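There are 2 protein chains.
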Amino acid sequence: MNKRRKTPLEIENIEVNSCTIDLRMKIIHGLPFFQNLSDKEISQINKSFSDTHYNTDDIIYLDGEKAARLCVIASGSVKLVKQNRNGNEILIDILKPGEFFGNLDPFEGSIYQETAVVQTQACIMKIDTGNFRNILNTYPSAALTVLDITLKRLRESQEIVKQLSSYSVESRVAYTLLKLSEKLGEEKDIGLLIQIPLSRNDIAGMTGTTPETASRILSRMQKENIIQTGRKWLAIKNIDLLNKMIDLK
Amino acid sequence: MNKRRKTPLEIENIEVNSCTIDLRMKIIHGLPFFQNLSDKEISQINKSFSDTHYNTDDIIYLDGEKAARLCVIASGSVKLVKQNRNGNEILIDILKPGEFFGNLDPFEGSIYQETAVVQTQACIMKIDTGNFRNILNTYPSAALTVLDITLKRLRESQEIVKQLSSYSVESRVAYTLLKLSEKLGEEKDIGLLIQIPLSRNDIAGMTGTTPETASRILSRMQKENIIQTGRKWLAIKNIDLLNKMIDLK
DNA sequence: CGTATAGTTGATTTGGCTCAACATCGGTGG
DNA sequence: CCACCGATGTTGAGCCAAATCAACTATACG
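One line per chain: the protein sequences are W and F, in this order. Using this note's numbering, the first residue of the first sequence is number 2, and each one after it goes up by one. Using this note's numbering, the first residue of the second sequence is number 2, and each one after it goes up by one.
These aren't lab readings, by the way, just hints derived from the structure by calculation. Take the hints with a grain of salt, since some may be wrong.
Same chains, same label: a pair holds when it works inside one copy or across any pair of copies.
Said to hold, decoys possible - Capping the alpha-carbon separation at 25 angstroms, the derived lysine to any residue pairs in SDA-like fashion look like this: (1) K180 <-> R156; (2) K27 <-> G131; (3) K163 <-> P198; (4) K184 <-> I150; (5) K224 <-> H30; (6) K48 <-> P141; (7) K189 <-> R25; (8) K48 <-> L165; (9) K163 <-> Q120; (10) K67 <-> K163; (11) K153 <-> Q45; (12) K41 <-> T146; (13) K153 <-> L165; (14) K238 <-> D248; (15) K245 <-> I112; (16) K83 <-> D248; (17) K245 <-> D58; (18) K41 <-> K233; (19) K180 <-> E157; (20) K163 <-> L63; (21) K245 <-> G231; (22) K83 <-> D149; (23) K127 <-> D94; (24) K127 <-> Q229; (25) K67 <-> D248; (26) K153 <-> T53; (27) K83 <-> L165.
Treat the numbers as computed from the prediction; the structure is a model and nothing was measured.
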């Protein structure tokens, strides 16, 4: 075997100053809750956003801090994590450009519920709670869309609760891989490649288990030709089998 | 020992036709999202609500059904449950008069995420999704309050996820008892009595364990004089110790 | 290339589930 | 009013999935 890169992940070339005005407008317009607004309105809203460039592993905010802003990814990717008391981290989500996180709550006084860490260097747009509330008050349909999205997140969280309270780790891993592939998967020669550096530790954090157990399960899946995996990457070769694993056993 | 009732729970006397117009108005006005509205507005909103009387163990709606209504308890109490695949039930919440459940989502097309079962006979007020959406569109502050409440529920759900993925059953039971006592506890001679019929099975469902394990843990807590418990009732004698148990071990 | 980081695999331990037998409560009907 | 019986709760024994601890290997990056 030769010594070339073995990871099939594509290395992203990110321009450092990627937050052009055009990109900002495009991102804001793409937000589900601002989709119905006119260019003029978007351009008005744009003024309430600031943007900041971050490098890999920078922390955008910490779990427990006073939550004062809603953040939107203009470029790059962000991980949302929580610490559990074993010192392991719970990986809540991985976000791509156009997605938002931080404080959605229109009222003051809430605190961030997780830590946001930059995964690949990113440009993050931010709007503070007061301005966001004003916008939601001005455009009721935006408020309803935010509500809709929050309810969707609530449902996802409740699904995880259900799984944690009765599904095997194997089922949970299968479920998580499917969710990830829906969101981040890209068809490649190897299979459906999950286009983010995904470690055993990350998978453990998303499924409520340990890296060792995650590794054992992924090894087994690889042996059965359901997935193909290496250091920080993973591709799905047989979606149907994976789907069956969720409810099997 | 004599043959008197051993349960310290108070038996409720419920009038069957308890949904008077006064009660309806009071309940609607008490809803957090309608709190700032005038009597005239409330009275207008009242017209969109219907009410129905239910008996114990009646099902208001089933998990998976098309979700068309928001429900509010005028009197009585309601349990929200989900089924996990071991056939055990997950108890999501127990609701009292003034609390609401069902579909908050202003858009059509969602389905109920749980089953709502009447725990003690109840009068339930209902408003359908379309009317509710109109109200939220008319009163943006109401929409923001609904959003705020949904975010609170999301946080609670995420806290459960965190606990399930790293806390012992004992910690989870302690946490659950504290939450229940905050919501439903009443000071009595015996201690802080949780005023609902609460079985081992219910506690198991709220903590993601089995009735047997729940029973063992409660027995231990009783031996240590932290709680006092019997058939379908439970009182907390030492809140501080219970609090410590959450993070201990 | 060398080394730190990530991943694998095995051995051992254990918390909590399962199955099972028994005890107790409290509502019901004789 | 009391005896009975179904529902609820308790307790024990054995088992198993997954955690923990530990030694080792492979990978990618400088």
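Each hint, compared with the structure:
{"no.": "1", "hint": "K180 <-> R156", "result": "both (14 angstroms within a copy, 21 angstroms between copies)"}
{"no.": "2", "hint": "K27 <-> G131", "result": "within (23 angstroms within a copy, 32 angstroms between copies)"}
{"no.": "3", "hint": "K163 <-> P198", "result": "between (27 angstroms within a copy, 23 angstroms between copies)"}
{"no.": "4", "hint": "K184 <-> I150", "result": "within (16 angstroms within a copy, 28 angstroms between copies)"}
{"no.": "5", "hint": "K224 <-> H30", "result": "neither (45 angstroms within a copy, 61 angstroms between copies)"}
{"no.": "6", "hint": "K48 <-> P141", "result": "both (20 angstroms within a copy, 22 angstroms between copies)"}
{"no.": "7", "hint": "K189 <-> R25", "result": "neither (31 angstroms within a copy, 60 angstroms between copies)"}
{"no.": "8", "hint": "K48 <-> L165", "result": "neither (43 angstroms within a copy, 42 angstroms between copies)"}
{"no.": "9", "hint": "K163 <-> Q120", "result": "between (29 angstroms within a copy, 22 angstroms between copies)"}
{"no.": "10", "hint": "K67 <-> K163", "result": "between (30 angstroms within a copy, 20 angstroms between copies)"}
{"no.": "11", "hint": "K153 <-> Q45", "result": "neither (28 angstroms within a copy, 30 angstroms between copies)"}
{"no.": "12", "hint": "K41 <-> T146", "result": "within (20 angstroms within a copy, 28 angstroms between copies)"}
{"no.": "13", "hint": "K153 <-> L165", "result": "both (19 angstroms within a copy, 21 angstroms between copies)"}
{"no.": "14", "hint": "K238 <-> D248", "result": "within (19 angstroms within a copy, 42 angstroms between copies)"}
{"no.": "15", "hint": "K245 <-> I112", "result": "between (39 angstroms within a copy, 23 angstroms between copies)"}
{"no.": "16", "hint": "K83 <-> D248", "result": "between (27 angstroms within a copy, 16 angstroms between copies)"}
{"no.": "17", "hint": "K245 <-> D58", "result": "neither (36 angstroms within a copy, 34 angstroms between copies)"}
{"no.": "18", "hint": "K41 <-> K233", "result": "neither (43 angstroms within a copy, 61 angstroms between copies)"}
{"no.": "19", "hint": "K180 <-> E157", "result": "both (11 angstroms within a copy, 22 angstroms between copies)"}
{"no.": "20", "hint": "K163 <-> L63", "result": "between (27 angstroms within a copy, 16 angstroms between copies)"}
{"no.": "21", "hint": "K245 <-> G231", "result": "within (23 angstroms within a copy, 42 angstroms between copies)"}
{"no.": "22", "hint": "K83 <-> D149", "result": "both (24 angstroms within a copy, 21 angstroms between copies)"}
{"no.": "23", "hint": "K127 <-> D94", "result": "within (19 angstroms within a copy, 35 angstroms between copies)"}
{"no.": "24", "hint": "K127 <-> Q229", "result": "neither (38 angstroms within a copy, 51 angstroms between copies)"}
{"no.": "25", "hint": "K67 <-> D248", "result": "between (40 angstroms within a copy, 23 angstroms between copies)"}
{"no.": "26", "hint": "K153 <-> T53", "result": "neither (28 angstroms within a copy, 28 angstroms between copies)"}
{"no.": "27", "hint": "K83 <-> L165", "result": "both (16 angstroms within a copy, 13 angstroms between copies)"}
Consistency note: the structure conflicts with the earlier hints numbered 5, 7, 8, 11, 17, 18, 24 and 26.
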